[in-house]
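K.L.:
In case you want the letters, here they are:
Number of protein chains: 2
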Amino acid sequence: MNNRLPDNFFKDLARVDGLIIISSANEIQRYSRDFYDYSPILLEKLGHCCADFVVKPLAIDAVIAVAGICYKYSIPLTLRGAGTGNYGQCVPLQGGVVMLMGALNKIRKFDSFTGQVIVECGCLMGDLDNYLSTKGRQLRILPSTWRTASIGGFIAGGSGGIGSIRWGFLRDPGHLLALEVVTTEKDPKILQLNSRSSESLNHAYGTNGIITALTLATSSLIQWQQVVIDCENWSDAVHLLQSCANASVNLFLGSLLEKEIIEAIPNWSGVSHGKHRLLLLVAPDGVTTIERLSSSIGARFKDLGGEGRGNGLRELTWNHTTLHMRSIDSNWTYLQMLLPQNEVEAMNIIRKKWGKSILWHLEAVRQQGAQRIAALPLVRWQGEESLGELINDCKKVGAVIFNPHVISVEDGGLGIIDSDQVNTKKIFDPKGILNPGKLRGWT
Amino acid sequence: MNNRLPDNFFKDLARVDGLIIISSANEIQRYSRDFYDYSPILLEKLGHCCADFVVKPLAIDAVIAVAGICYKYSIPLTLRGAGTGNYGQCVPLQGGVVMLMGALNKIRKFDSFTGQVIVECGCLMGDLDNYLSTKGRQLRILPSTWRTASIGGFIAGGSGGIGSIRWGFLRDPGHLLALEVVTTEKDPKILQLNSRSSESLNHAYGTNGIITALTLATSSLIQWQQVVIDCENWSDAVHLLQSCANASVNLFLGSLLEKEIIEAIPNWSGVSHGKHRLLLLVAPDGVTTIERLSSSIGARFKDLGGEGRGNGLRELTWNHTTLHMRSIDSNWTYLQMLLPQNEVEAMNIIRKKWGKSILWHLEAVRQQGAQRIAALPLVRWQGEESLGELINDCKKVGAVIFNPHVISVEDGGLGIIDSDQVNTKKIFDPKGILNPGKLRGWT
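Chains Z and L, in that order, are what the protein sequence lines are.
Going by UniProt numbering, the first residue of the first sequence is number 1, and it counts up by one from there.
Going by UniProt numbering, the first residue of the second sequence is number 1, and it counts up by one from there.
For the record, the hints were derived by calculation from the structure and aren't laboratory data.
Take these hints with a grain of salt, some might be off.
Covered stretches of chain Z, going by a simulated chain L footprint (3 or more residues, C-beta under 8 Å) [unchecked claim]:
1. 112–123
2. 247–259
Quick list of the computed label-pair ranges, beta carbon to beta carbon [said to hold, decoys possible]:
3. 355(L) / 194(Z): 41 to 47 Å
4. 136(Z) / 26(L): 15 to 21 Å
5. 37(L) / 349(Z): 54 to 60 Å
6. 267(Z) / 221(L): 55 to 61 Å
7. 417(Z) / 306(L): 39 to 45 Å
8. 221(L) / 308(Z): 51 to 57 Å
9. 344(L) / 302(Z): 44 to 50 Å
DSBU-like, lysine-lysine: derived pairs with alpha carbons at most 35 Å apart [as the list claims (entries may be wrong)]:
10. 72(Z) / 352(Z)
11. 45(Z) / 302(Z)
12. 109(Z) / 72(L)
13. 259(L) / 135(L)
14. 426(L) / 395(L)
15. 431(L) / 109(L)
16. 356(L) / 396(Z)
17. 396(L) / 302(Z)
18. 72(L) / 302(Z)
19. 106(Z) / 109(L)
20. 189(Z) / 109(Z)
21. 11(Z) / 45(Z)
22. 426(L) / 106(Z)
23. 135(Z) / 45(L)
24. 431(Z) / 352(Z)
25. 396(L) / 259(L)
26. 356(L) / 426(L)
27. 106(L) / 72(L)
28. 189(L) / 135(L)
29. 135(Z) / 396(L)
30. 356(L) / 189(Z)
31. 109(L) / 302(Z)
32. 189(L) / 259(L)
33. 45(Z) / 396(Z)
34. 135(L) / 72(L)
35. 302(L) / 45(L)
36. 259(L) / 275(L)
37. 395(L) / 109(Z)
38. 106(Z) / 352(Z)
39. 396(L) / 431(L)
40. 275(Z) / 189(Z)
Note that beta-carbon positions come from the ideal geometry of N, C-alpha and C, so glycine has one too.
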């Protein structure tokens, strides 16, 4: 076992009821990583990070005990959901303890009047969504890893995804309605926070409180239909995506992939016809309208019908697009941005300089109440300097970058220190033991 | 009986099965009007308009027969739903026959998979919405006269209303999915039009085909909660309305009324506290979020709970606001516009010149995929010239006017002749007998 940590620390931990202690070096290494290898930069920065120790509480009492013991010995404590993130959200920057939250996975309460659900942090989103479907409800926003991601991890570190075309981003008011949080102090408390108090823990990567349960808004269940539209011309395709998003049609996904991407990724949307492709999830009553919009520009429309149990359009979009491209050629990495509203012009400028070392992958999103286009372009890795230059070029044409190649909470967002996040950490994590180094505003 | 029409015309009509003929002068006058008296200008222009004759078909066959007979004798034919419009939609500009469509009121089919409903034109929206609620669905967009308006009349002449905050406007693709139409030609045909072909009859005031049935998209039924928020400061109130509309909360109504209006209209939203008031219909899971947004600016929040059977917030908004104000003082009239995106600044400029002879009534709407603010301000009637000056002032600050004081289809919209509407009239109404004078592009 690890010698960096004090003996009494281990003794205290060993006494905790309902706590699994994982000491296999392989397991510890595995639980110290997420999918940050999408970024060569993060791979270099985080590759050496490793927990000293991994614990898995089976109940909240064990979480409280671990919080108290880590506080007592000033041991860094990093929370881990399902580890499906791409930004090192759960990577212990200064070692210490990684706490696996997966056993806290109960769905505690469903309110059939409001549709609100109270769920423990470790519940997998796929399980939660399946449960909700039996109640005529569904999750509003999901990552492409929705089957295996944990709900706590998604709220703590996600931002948008499937559903963002209708429901915007996780930090928009309306999604996260309450949190149960365990503090890391001498006598850790278990707190029930209302939606206002919960905000500062939303997207704080678990650095200012241990989220143990969440109250979330859901939406009416819809039998989404998978629609695929092929376009010869990129500009037409972008405008069609916008027409679809602006129409009075209920959409759950509106992705557009350049033809080179369609040729490379799995054929779950049908074989490539050498054209750019829109991938849409459409409410049943919207399919004929989308077909009409599509035919008005002479695009090739295909209704693939309802979603099955296996992989479908969802698993070709958002960061799964990146996943598939990297599985073929790990020299692909990616960026994340909100495009300026002269989308096509901006992309043309970038294309002119960067050619096909950037391939466009667009996602229609709702941002500040308006339908906008986000991009998660594939980027050919040509070193950090080149990536920096590309980022600058994108900023110059008016894109807002959400850089996935950085390790701090703030740098991945708007680069601004959120004083509410920091103030919350002062109260809930006074010693700053929750993954030190991750919240830049603290360190 | 009327002498302007040929004797054989009457004889032919009398032979039609299932056709009620109304010849009382009082009834004829009543059925020649709608609520155009909201506009002193329309009152002057339309006050003298009167049908020669009113018929009420009890089945489609009778509609077809009337269409053929009017064609044969070249008699103007004007369609009337429930007559709840405000723009003289169903006023026979050149006399002739008014045809009451109210007996064609069957709900023909509901598709539980898509939620689409096929309904005859004369069905009252209140009845249709009640029916849909038994299927877990509801109408997407409703006028404030939703209890008594007919669905055919609303599609033929309405534009938006309650629900526009989420679903935009009736002409946005996605609402109207198909139409059944009877032509006015020698041998009238009954046609089934798909969504594309239906578009040119959408908002054509029944001037280019007789709509007998409609296929419409609906939405999941939500138990809307009535929320009222009082604000001291107008600018704060406008920004709060925008925050609510931009939040990830399902809203069905977002209205803002100046305090002078709140003091005057019925107290179904609670007694006035001398403040500006937001009237919101909020999904149950959104109420706490709206409360949070409200309290963040120190506004006074009140949750009135679910909607009852009687009058509620709906009946205080859209053109019911105008109705209530006019019932107190018929010198109030109104305008309709989309505000420019510097809303408060624009309203301040107008206020500075026009004082309280204009009272602001705002409605949050979705327009081209973005949350925007429409206004239906109350306007103190000071003559046509003054109204024209106000309209110009509103245009100068960037508002887009939808003038409710004009009689043609085009002038009430963007002032542009829609060649599709005109071309459809050429085919479906070759003699131009459907309310001649109403479609400017034809005459």
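K.L.:
Could you run down the list of hints and mark each one as holding or not?
P.N.:
Okay, the hints, checked on the actual structure:
1. For the stretch 112–123 of chain Z, the stated coverage by chain L holds: 4 residues have a C-beta nearer than 8 Å to a C-beta of that chain, and at least 3 were required.
2. Remark: the stretch 247–259 of chain Z is confirmed as covered by chain L, as 4 of its residues place a Cβ nearer than 8 Å to a Cβ of that chain, reaching the required three.
3. Here the CB-CB span from residue 355(L) to residue 194(Z) is close to 43 Å, well matched to the stated 41 to 47 Å.
4. Evaluation of the 15 to 21 Å hint for residue 136(Z) and residue 26(L) yields a failure: the beta carbon distance comes to about 51 Å.
5. The hint said 54 to 60 Å for the Cβ distance between residue 37(L) and residue 349(Z), and at roughly 56 Å that hint holds.
6. At about 38 Å, the beta-carbon gap between residue 267(Z) and residue 221(L) misses the expected band of 55 to 61 Å.
7. A hinted range of 39 to 45 Å for the beta carbons of residue 417(Z) and residue 306(L) is consistent with their spacing of about 43 Å.
8. As the Cβ distance of residue 221(L) to residue 308(Z) is approximately 27 Å, the hint placing it in 51 to 57 Å is violated.
9. Residue 344(L) and residue 302(Z) have their C-beta atoms about 47 Å apart, which keeps the hinted 44 to 50 Å range intact.
10. Proposed proximity of residue 72(Z) and residue 352(Z) is contradicted: the alpha carbons are some 57 Å apart, above 35 Å.
11. With a C-alpha separation of about 44 Å, the suggested pair residue 45(Z) and residue 302(Z) falls outside the 35 Å cut-off, and the hint is violated.
12. Only pairs whose Cα atoms come within 35 Å are accepted, and residue 109(Z) paired with residue 72(L) is rejected, the gap being roughly 68 Å.
13. A C-alpha spacing of about 39 Å is found between residue 259(L) and residue 135(L), which places the hinted pair above 35 Å, so the restraint is violated.
14. At roughly 34 Å between alpha-carbon atoms, residue 426(L) and residue 395(L) fall within 35 Å of each other, so this suggested pair holds.
15. Proximity of residue 431(L) to residue 109(L) is assessed by CA-CA distance (about 33 Å); at most 35 Å being required, the pair is judged to hold.
16. Pair hint residue 356(L) plus residue 396(Z) does not hold up; C-alpha atoms about 46 Å apart against a cutoff of 35 Å.
17. Note on residue 396(L) and residue 302(Z): the hinted pairing is violated, with a Cα-Cα distance of about 46 Å set against a maximum of 35 Å.
18. Our distance criterion of 35 Å between C-alpha atoms is broken by residue 72(L) and residue 302(Z), whose separation comes to about 46 Å.
19. As the CA atoms of residue 106(Z) and residue 109(L) are separated by approximately 42 Å, the hinted pair breaks the 35 Å bound.
20. The hinted pair formed by residue 189(Z) and residue 109(Z) meets the criterion: a straight-line CA distance of about 22 Å does not exceed 35 Å.
21. Note on residue 11(Z) and residue 45(Z): the hinted pairing holds, with a Cα-Cα distance of about 32 Å set against a maximum of 35 Å.
22. The straight-line distance between the Cα atoms of residue 426(L) and residue 106(Z) is roughly 65 Å, outside the 35 Å bound, and the hint therefore fails.
23. Pair hint residue 135(Z) plus residue 45(L) does not hold up; C-alpha atoms about 56 Å apart against a cutoff of 35 Å.
24. Restraint check: the Cα-Cα separation between residue 431(Z) and residue 352(Z) comes to about 50 Å, which exceeds 35 Å; the hinted pair is violated.
25. Taken as a hint, the residue 396(L) and residue 259(L) pair is honoured in the structure, with Cα atoms around 26 Å apart against an allowance of 35 Å.
26. For the given pair, residue 356(L) sits about 47 Å from residue 426(L) by alpha-carbon distance, which is inconsistent with the 35 Å threshold.
27. Between the alpha carbons of residue 106(L) and residue 72(L) the distance comes to roughly 29 Å, so the proposed pair stays at or under 35 Å and holds.
28. In summary, the hint linking residue 189(L) to residue 135(L) is supported, as the alpha carbons are separated by about 33 Å, within the 35 Å threshold.
29. Taken as a hint, the residue 135(Z) and residue 396(L) pair is broken in the structure, with Cα atoms around 52 Å apart against an allowance of 35 Å.
30. For the suggested pair residue 356(L) and residue 189(Z), the alpha carbons sit about 56 Å apart, so the restraint of at most 35 Å is broken.
31. Among the hinted pairs, residue 109(L) with residue 302(Z) is consistent with the structure: their alpha-carbon atoms are about 26 Å apart, no more than 35 Å.
32. With a CA separation close to 53 Å, the supplied pair residue 189(L) and residue 259(L) exceeds the 35 Å bound.
33. Restraint check for residue 45(Z) and residue 396(Z): satisfied, since their Cα atoms lie roughly 27 Å apart, inside the 35 Å limit.
34. For the suggested pair residue 135(L) and residue 72(L), the alpha carbons sit about 44 Å apart, so the restraint of at most 35 Å is broken.
35. A hinted pair counts as satisfied when its Cα atoms are at most 35 Å apart, and residue 302(L) with residue 45(L) does not qualify at roughly 44 Å.
36. Between residue 259(L) and residue 275(L) the CA atoms are separated by roughly 5 Å; this keeps the pair inside 35 Å, and the hint holds.
37. Between residue 395(L) and residue 109(Z), the direct Cα distance comes to roughly 53 Å. Violation of the 35 Å bound is thereby established for this hinted pair.
38. Among the hinted pairs, residue 106(Z) with residue 352(Z) is inconsistent with the structure: their alpha-carbon atoms are about 51 Å apart, more than 35 Å.
39. This hinted pair does not check out: residue 396(L) and residue 431(L) have alpha carbons roughly 41 Å apart, beyond 35 Å.
40. With a CA separation close to 56 Å, the supplied pair residue 275(Z) and residue 189(Z) exceeds the 35 Å bound.
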